[in-house]
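> Here is what each chain is made of, one letter per residue.
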Amino acid sequence: NAGVTQTPKFQVLKTGQSMTLQCAQDMNHEYMSWYRQDPGMGLRLIHYSVGAGITDQGEVPNGYNVSRSTTEDFPLRLLSAAPSQTSVYFCASKDSGWNEKLFFGSGTQLSVL
Amino acid sequence: DQQVKQNSPSLSVQEGRISILNCDYTNSMFDYFLWYKKYPAEGPTFLISISSIKDKNEDGRFTVFLNKSAKHLSLHIVPSQPGDSAVYFCAISQGGSEKLVFGKGTKLTVNP
Numbered sequence: 415n416a417g418v419t420q421t422p423k424f425q426v427l428k429t430g431q432s433m434t435l436q437c438a439q440d441m442n443h444e445y446m447s448w449y450r451q452d453p454g455m456g457l458r459l460i461h462y463s464v465g466a467g468i469t470d471q472g473e474v475p476n477g478y479n480v481s482r483s484t485t486e487d488f489p490l491r492l493l494s495a496a497p498s499q500t501s502v503y504f505c506a507s508k509d510s511g512w513n514e515k516l517f518f519g520s521g522t523q524l525s526v527l
Numbered sequence: 005d006q007q008v009k010q011n012s013p014s015l016s017v018q019e020g021r022i023s024i025l026n027c028d029y030t031n032s033m034f035d036y037f038l039w040y041k042k043y044p045a046e047g048p049t050f051l052i053s054i055s056s057i058k059d060k061n062e063d064g065r066f067t068v069f070l071n072k073s074a075k076h077l078s079l080h081i082v083p084s085q086p087g088d089s090a091v092y093f094c095a096i097s098q099g100g101s102e103k104l105v106f107g108k109g110t111k112l113t114v115n116p
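Quick note, the sequences are listed as chains A and B, same order.
Offset between the first sequence (1-based) and the numbering used here: plus 414.
Offset between the second sequence (1-based) and the numbering used here: plus 4.
Bound-form chain B, shown alone (with noise of 0.2 Å):
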């Protein structure tokens, strides 16, 4: 069973507006969260991170929002720019464990 769904597979954006990445998980024991990006033919780099102690994070267009009531992560992207046009991977790790579990990623696509 999936610990940690990206429900959307894909999503398309103008440049200039916003991109909305979502991120669910299912352990109310995770307690770190991170996005990483991945252009094809590279491995994935990190992005921005969050732990259950906040609930915002910024890092110049992007912001990471946790709801930790509704298991819920969100990855903003303001404003998209066509270079953002990769696979957002979410990673989650439990408190103690060295192991991050990704979702499926979405692809993120910003038309010029």
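The following block holds chain A by itself, in its conformation from the complex (with noise of 0.2 Å):
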């Protein structure tokens, strides 16, 4: 079982390249979510879905986009990329309800020069 897969696990990119993180899970899950992870901030939500065809923001939206197509994959979209995400990112899936925990990616390590 695969679990949930993020591709690449690096990148590289200049500064108003776009690009696109791969995130796709095998689990079924209805819930879906990217986080973002800084030196110092912890991890913040970038954008999240309860089901496809729905999306929603979390506290750091901006200069991101998502789509929820189906239930497997969870794309984030990078459109002028800026130094300032410069960071690591990482999908998280879990099953519908309060009460259950989040299954993490391995992460994507993403510099913008």
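These are calculated hints, taken from the structure and not from any lab test.
Fair warning: there could be bad hints in the mix.
As the list claims (entries may be wrong) - Here's a subset of chain B near chain A, in silico, CB distances under 8 Å, partners left out:
| # | residue |
| --- | --- |
| 1 | 43 |
| 2 | 47 |
| 3 | 48 |
| 4 | 53 |
| 5 | 86 |
| 6 | 107 |
These numbers were taken from a predicted model, which means no experiment stands behind them.
Every residue, glycine too, gets a C-beta built ideally from N, C-alpha and C.
Take the two lone chains, each set in its own frame, and fit them into one complex as the hints suggest.
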């Protein structure tokens, strides 16, 4: 069972470039989310989705877009990368319900020059 | 304003002793509390959780305590082992919400 799979693991972008971070889960989870981790800042929620076709903003959504066309996939798009988006990005999923635990992917380390 | 605070960025303990990691929260509506462990270059993994109807939950060497009146959560690891060295995040959800809010983390180092 693969769980939550993120690609790529590493990426270097130039300011202004666009890219998509991929996330797929094979656990049939309705809820999926994206977090970024920065030194001294913990994990901050970017966007989340409670099911296919439904997305909502988290704490730090600016500069990022998401869509949820299938239950399995939840890509994160950077339309015009900025150095402030240099971070480690984690995708996570869980079963529906307020008391379910999140399963995380292994992360994508992104550097924007 | 931070809703979830882990005020100790780091903690160092000797192998075999107790590790106590703390977490404070501001919203009394929070009702489900979790601890995650994160090793370098890996994603966080779930460790233990507790709901607001309890004040203690144990799982082997790990015990989580909840003091609702003080809005305080703690994780006890007894005995601590070198393999426990990691960053520990507390995470909290509010009733009816799917979202988890994380603290900034505490880096635990267990010395042999």
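> Compare the structure with each hint and give your call.
Checked hints:
no.	hint	in the structure
1	43	violated, 10 Å
2	47	holds, 3 Å
3	48	holds, 5 Å
4	53	holds, 6 Å
5	86	violated, 22 Å
6	107	holds, 6 Å
Taken one by one, the earlier hints fail for this structure at numbers 1, 5, listed in ascending order.
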